[in-house]
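I would like the entire structure built from these sequences, with the hints used as guidance.
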Amino acid sequence: MSQDMQHSQIEILFEDNHLLGIVKPVNVPTQEDASGDPDLVNLLKQDIKERYNKPGNVYVGLIHRLDRPVGGAMIFAKTSKAASRLSETVRSRHFRKFYAAVVHGKLPSSKGTMTNMLLKDPKTNTVTVVRPGTPGAKEAVLDYEVLGTSDHLSLVKVELHTGRSHQIRVQMSHAGCPLYGDQKYGNGLNKVGQQIALWSVLVGFPHPVSKEEVTLTSMPPSQHPWNLWNPQLLQSSFN
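Whatever position you read off the sequence shown (first residue = 1), add 251 for this note's numbering.
Keep in mind that a hint or two might mislead.
Here are the simulated lysine to aspartate or glutamate pairs, DMTMM-like style, with alpha carbons at most 20 Å apart [said to hold, decoys possible]:
1) K408 - E283
2) K332 - E464
3) K371 - E301
4) K357 - D394
Pairwise CB distance ranges, derived in the manner of DEER restraints [to be verified]:
5) H412 - G287: 31 to 37 Å
6) T466 - R382: 17 to 23 Å
7) R342 - K305: 27 to 33 Å
8) Y303 - G363: 43 to 49 Å
9) S335 - G287: 43 to 49 Å
Keep in mind that the hints were calculated from the coordinates and are not lab data. Source: prediction; values computed, not measured. Ideal Cβ placement from N, Cα and C applies to all residues, glycine included.
Next comes the structure, spelled out in structure tokens:
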């Protein structure tokens, strides 16, 4: 593994000729952005090139995204055919995405569905909940289940049915329960320097070639606020 990969501590969860599943480190951008910092797509290209001694360009296809401060399970395509088929899986909502989140306060019920219309402002890179019919707004749907509460915080399992920008962060904040550590959508409750408590725990999908179900899992780090709960609670909740 290359020095950059080692430096970023990128763990590989799954790999074959078509796919590469990894644990995204926190604070590494998924793709190139204005910061100019090393991004996952280019780090993975470099790693594949070195590990397999490949000449020329290496293909790494981005299938889904995680916000820069968010870590956890991600899948990338190693061929354009795999990328095309997986992207169709995402569009047809056969791509499963489960997250763990720690939010402030208590949600209105122990489990439920949130459906909102979201509008992104590209100038400020912020998303707001708007009324249905607002030009440019997109529907955002998620299911949630509260797994436990501790110290005015709630541990929540989230299944995303759509993949809108900042979706979980915005919808939880709109419900009155912003994510722990989220400066953008909960700055009244969070302190500068806190790491956002949102983690991609599971992604599942039919393999683009074999059609067999592939499931990748990654658990959040055992540090505050995740360590307020027994790690077995998360493990059992996502099995």
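To see whether the hints hold, each was checked on the structure:
| no. | hint | result |
| --- | --- | --- |
| 1 | K408 - E283 | violated (29 Å) |
| 2 | K332 - E464 | holds (18 Å) |
| 3 | K371 - E301 | violated (38 Å) |
| 4 | K357 - D394 | holds (15 Å) |
| 5 | H412 - G287: 31 to 37 Å | holds (34 Å) |
| 6 | T466 - R382: 17 to 23 Å | violated (37 Å) |
| 7 | R342 - K305: 27 to 33 Å | holds (30 Å) |
| 8 | Y303 - G363: 43 to 49 Å | holds (46 Å) |
| 9 | S335 - G287: 43 to 49 Å | violated (29 Å) |
Consistency with the previously given hints fails for numbers 1, 3, 6, 9, ordered from lowest to highest.
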